[in-house]
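With chain A fixed as given, assemble chain B onto it according to the hints.
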Amino acid sequence: MSTQDAYYVPHKATWPVIGTAGLFCMLAGFANFLNGSSTGVFWMFTGLLIFIIMLVGWFTLQSRESEAGTFNGQVGTSYRIGMMWFIFSEIAFFCVFFGTLWYTRNLSVPWLGTGTTKEFLHPLFDGTWPTNGPEKWGQFVAPDDPTKLGTHTEADFEPMGAWGLPFINTLLLLSSGITCTWAHHALIKQNREKLIQWLIATVALGFIFVLCQAVEYHEAYAEGLTLGTGIYGSTFFMLTGFHGFHVCVGAIILSVVLFRSWKGHFTPDNHFAFEAAAWYWHFVDVVWLGLFIFVYLM
Amino acid sequence: MSAFSAKGYEVKDHNTPQHHHDDHHDDHHGDDHHGPAKGWLRWVVTTNHKDIGTLYLLFSLVMFFVGGAMAMIIRAELFQPGLQLVQPAFFNNMTTMHALVMIFGAVMPAFVGLANWLIPMMIGAPDMALPRMNNMSFWMLVAGITLLFSTLFMGDGLGAGWTMYPPLVLQTKEALPFGIFSVHLLGISSIMGAINIIATITNLRAPGMSLWQMPIFVWTWLITAFLLIAVMPVFAGAVTMLLTDKFFGTSFFSAAGGGDPVLYQHIFWFFGHPEVYILILPTFGIASTIIPVFSRKPLFGYLSMVGATIMIALLSFVVWAHHMFSVGMPISGELFFMWATIAIAIPTAVKVFNWIATMWEGAMTFETPMLFSVGFVVLFTIGGFTGMMMALAPLDFQYHDTYFIVAHFHYVLVPGSIFMIIAATYFWLPKWTGFMYNERIGKLHFWLSAISVNVLFFPQHFLGLAGMPRRIPDYAIQFSDWNMISSIGAFVFGVSQLLFLYVVIDCIRGGTGIKATNEVWDGARQYGGGIVEGLEWTLPSPPPYHTFTEAPEIKSTIPR
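As they're listed, the protein sequences go chains A and B. Using UniProt numbering, you'd call the opening residue of the first sequence number 1 and step up by one each time. Using UniProt numbering, you'd call the opening residue of the second sequence number 1 and step up by one each time.
Honestly, I wouldn't trust all of these hints.
[Stated by the list, open to error] Short, incomplete list of chain A residues facing chain B, as computed with Cβ under 8 Å:
1) P10
2) F24
3) A28
4) L34
5) S78
6) F86
7) P134
8) F140
9) G150
10) L227
[As the list claims (entries may be wrong)] Residues of chain B clear of chain A, computed beta-carbon distances all greater than 10 Å:
11) F90
12) G301
13) E367
14) R525
What the hints contain is simulated information worked out from the structure, not anything from laboratory work. Note that beta-carbon positions come from the ideal geometry of N, C-alpha and C, so glycine has one too.
Just chain A, with the same shape it has in the complex (with noise of 0.2 Å):
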């Protein structure tokens, strides 16, 4: 493997376009769905399904390219320098749902039992945490015209406590961080057997916390705990669900870099890709914490 002098500039880039018209498609399809057109799933389906085709064929041509050795370190940095702002985004994004959290529960909520607005407008509202609003909210009600505003049942809810799966899936993920990090020894130690079985378990540890969260859900809309129960579940829903889609993409990246290693990809110098999957690992990790902390032990 030869590694190149210059900094790797490629050309005629097709993926970028396909996976942007399959997003587009996606993204115009789920709109029309949303508006109650027929045809929108249909879509929705077509450009996920060009979207992954884009994902493959970028990420192979990027592997097939690093094995050839076509990166020198610099373009390695660049992957680097570009994983780590793509994370910094990510945390952005959470950041909202935590800070909506922060807001409601210590803010707007107290202040909406408080005062001329408890007194003129919902008296016997009182402000405390865990609630679904002066109205009670429940299940979601769709409207028979999916451009009108829906309603909603009331109903009372038990909010989510912290010491059943929750907490077996804070030692699933913190275990599977601890994992992870063995696979990468093992990488740099050049030790192939030792990294594809850190590999797997941490890959398992993954997805059997994405089957916990499913069995959660499911014991929470049984019992009455749904999207539409007030802040509440809309902050748990929202928080645990953008994370569980994480853990799920995380878990997919994990897939792809145990395959490669399996293929016998990546050397103790060059192995970006598991770096970059293992960095994105952690956040997921480290959300689930803040998780943890904020949304079930609180």
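Relative to chain A, chain B alone:
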């Protein structure tokens, strides 16, 4: 061949064209290394920073006229009181779309286009750091704007203003999800562009160029890119909550379920205030590049310029609620956001003083880029002063949501951002095309624009102070005169921009027939790069398809 890498490079005379036909490339580089691909597909699959820069700039130019046409509709309706030309819903649609198109379609892409063209040439890099992603961020922009324009054909379209406050925005019909997904795509585009710019600046500078020697335009873009990555996801999160509130029954912004519509305003402006600095910081970089060249003096206070830019960027994260003084916040909040906002005047004033000090006793000439720059310094400062007026919370209750705020932000955006994008175009157009533009028409364009922009926006201060609300298609009879004057200014300003279009096309076609030299402007090489030699002025005009495949030598132009 000595390759471009941090480890080794050799000093070369970089006055020679940067084509290296003798480079021993292998098959990874493809067969088109020496020039662009053939046919129209070149523009679809290109990874070249100059091609992508051109795409961005042309796209921005088109959007400038589309958004401008919407502004003309607004001013035509407001020419007289009463409803003459359009229905109120269409008027709301136009105010919303005008803002979104100008911000996300015209100004931001223009800056990204300038970044693409200039940053690699200014820091001596072979291209952007992540060329394939560079292509994708442009096409994501096109996809996002396409979704946005699709809403024009859906009933009343988007009409709740570009800020999209709930609960009003949730009354939007079919257009709402399209508008929201358009914001997502535009956000992805901006984040990818910004990551690319940061990676390029931090990793691809020619050996010998430290951070503290970078041209000031590069500095301002580095900071702008940081702001973009920090706040575009925030906007994406906010509109995602709008989507779930409308379609999936969440209650983030509904008090009945325990949420709060004011929460949206907080999140939106936590994005929105850094966003307005995203629209102005590269402008500062352009002014700090052009003014020294036409003053034949080094930029006054390079370090304080960088420091002021960083200060402005950091402060932009703690001032958002000055957009919401009248919404009903605790008095301690009002006071905090008032003082934090006023503090921004300090670094901004540092910049204005530095520009004036740069001009002081300089051997100044007034070619078109300089005219626009001087016009920018004066008129942007007026916008800054009205900003100070509105930063004062007690006074803001008088101006809030009136034409005063419309006058304020148009003073900082039109003679601010737009003027400097135009100035940058005149300044670098000869470098890009290899031909000088038509200076006489350029100057005419400046004088018509500078006069009409004041006729257009200055009366709006009076209208606002007298109480005329913004975003309303009709108004009370006592506002008639100033509205008519403002509209006349708008029409003159709009028509004047056709001169710009003519000059740009004429220059691309080589209409003047005057070939541009490498340096283009007398003094550009010495003063156009801040405290080092302006590298893009060492290249031929137009520069070859690939530049600085070998790192150039960095020469200090002023002793430090």
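These are the hints, each one checked on the structure:
no. : hint : verdict
1   : P10  : holds, 6 Å
2   : F24  : holds, 4 Å
3   : A28  : holds, 7 Å
4   : L34  : holds, 5 Å
5   : S78  : holds, 4 Å
6   : F86  : holds, 6 Å
7   : P134 : holds, 6 Å
8   : F140 : holds, 2 Å
9   : G150 : holds, 6 Å
10  : L227 : holds, 6 Å
11  : F90  : holds, 18 Å
12  : G301 : holds, 29 Å
13  : E367 : holds, 34 Å
14  : R525 : holds, 25 Å
When the structure is compared with the earlier hints, no violation turns up for any of them.
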